[in-house]
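**Student:** When you get a sec, could you build the whole thing from the sequences and use the hints?
For reference, the chains in residue letters:
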Amino acid sequence: MTTQAYPTTWRRPPQIIKNHHWRLALQVGILVYLVLAVSTVDVNWARVYEGLERGQRFIMGFLQPDFTSRWKDISQGLVESLTMTLTSTVVGVLISIPIGIGAARNLTPRWIYYFCRAIIATSRALQEIIIAIFFVAMFGFGPFAGFITLSFATIGFIAKLLADDIEEIDAAQAESIRSTGASWWQLVNYAVQPQVMPRLIGLSLYRLDINFRESAVIGIVGAGGIGATLNTAIDRYEYDSAGAILLIVIAIVMVAEYSSSYLRKFLQ
Amino acid sequence: MTEISHYSQVWSHRSPRGRLMLWVGWLALVALFVWCWKLMTADTIWFFVADAPKQAADIGSRMIPPRWSYLPELMQPLWDTINIATLGTIGGVIMAVPVAFMAARNTTPSATILRPLALFIIVASRSINSLIWALLLVAIIGPGLLAGIVAIALRSIGFVGKLLYEAIEETDVTQIEAIEATGASSAQVLNYGIVPQIMPAFWGITVFRWDINIRESTILGLVGAGGIGLKLQASLNTLAWSQVTVILLLILATVVLSEWVSARIRHAIL
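Note that the protein sequences, when read in sequence, are chains A and B.
Residue 256 in my numbering sits at position 256 of the first sequence, with consecutive numbering throughout.
Residue 47 in my numbering sits at position 47 of the second sequence, with consecutive numbering throughout.
By construction, these hints were calculated from the structure, which means they are not laboratory data.
Certain hints may be false.
[Claimed, not checked] As a list, the in silico DSS-like pairs of lysine-lysine whose alpha-carbon atoms are at most 30 Å apart:
hint, chain 1, residue 1, chain 2, residue 2
1, B, Lys54, B, Lys38
2, A, Lys72, B, Lys162
3, A, Lys265, B, Lys162
**Tutor:** Shown next, in the form of structure tokens:
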């Protein structure tokens, strides 16, 4: 009687790319790319060493933030950021609603659909910072340019998600409203609006949150808000003030995130 | 015979109290908006606003035609931008994996100390934009690619960590129990029970973040962190709008291409 030879080891089969050669080629390719990429990074170690002291000061600034000496600038930046956030979200959402309805395939004729989708695509393709650069050049420095930037960016976000949502509504309800002889406006008001409203409110709150985060950044290119204050603080090497600003931003973002998720749960 | 009266009642969508609440809510929102608008536009110079269409037309006329001869100069910064995004993603993912395992309820070594710490790291990384990270890092380690890479990496931790820890929490318990039943050590449970289950999600998240990072790394140069943004900044400073057009078109093409690549890869994996 011969003993059956059982395998004593087991290897996990490859999971993504089954072919051995392709796997090898891919691994070598990635390795070559990494070597090339890392070699382009030219690090000035003396500068890094010099900067370590600044890094330390920055961390100290974070631990002992200075809210008082620049409070006037900080509060002004905060007011600009917060007012910019709210006004741009409201205006952005108001503009997004007609565009979102226009971009829903089941409600509008084809040419309006393409027109609205084109607006959405433009707004989504450009980053807030790049839009801000243009609007600062057009409207001058200050929160008004930031307001226009954020409103424009809001359109792409809200209108797209709203349009996708309208396209997915329950057709039976729309059908039943239509069968009563309702006009297009009545259809939108009684069949579409109740179905998408909770989600629209949720999205608006989410966008409020995003707009505040962005308002902390676009100030760097001159569009007003707390970002401008932060930029100045870092340029002046006032890391304790910069730490204070960042802590405020983190705190507001966290409050916004928790309260908006709470509100969304409450509304749905 | 009495008349059945309730048929004659008019149907309305909401109760009177509901309508009142709705009106109060809307009124509050409008009042808040007006107040914020007043505060925001207190320092606005309306002449500049009225002048904006003229300015826009002026910029538009300067942007066209694009100066295509500028394109070869942009290849090196573009390559740098892609490297910032890729190396930054790799760095971010390497840092995010332990954070995700610490944050997931079913794999965390200590739910009282390490889990809140990991969640804090995730929130802090997410609430600071990569441009602000870059601003700080340029001040600390000097302008250049390294600042951009580190900024992208620090920013990616939160995103990758959050999505990955949610994926870990959603793993199938029965498979892990089956591995445990063979007498596997905890390292073996991790390796054979959890890792294979989260692998597709892991690659999906990584590629998705890489795509976002390409987008974000194109503008890091505005604060001095290397890449194509540096050229954008230089062109804006010299008001060379015809070069700005070329740069923006190149950025747009890169972003669209990276989105396509990422969608293809994610489609193949998931």
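**Student:** So, for every hint listed, does it hold in this structure?
**Tutor:** Status of the hints after comparison with the structure:
1. Restraint check for B/Lys54 and B/Lys38: the C-alpha separation of about 25 Å stays at or below 30 Å, so the hint holds.
2. Proposed proximity of A/Lys72 and B/Lys162 is contradicted: the alpha carbons are some 36 Å apart, above 30 Å.
3. With a C-alpha separation of about 20 Å, the suggested pair A/Lys265 and B/Lys162 falls inside the 30 Å cut-off, and the hint holds.
Checked against the numbered hints above, the structure breaks only hint 2 and satisfies the rest.
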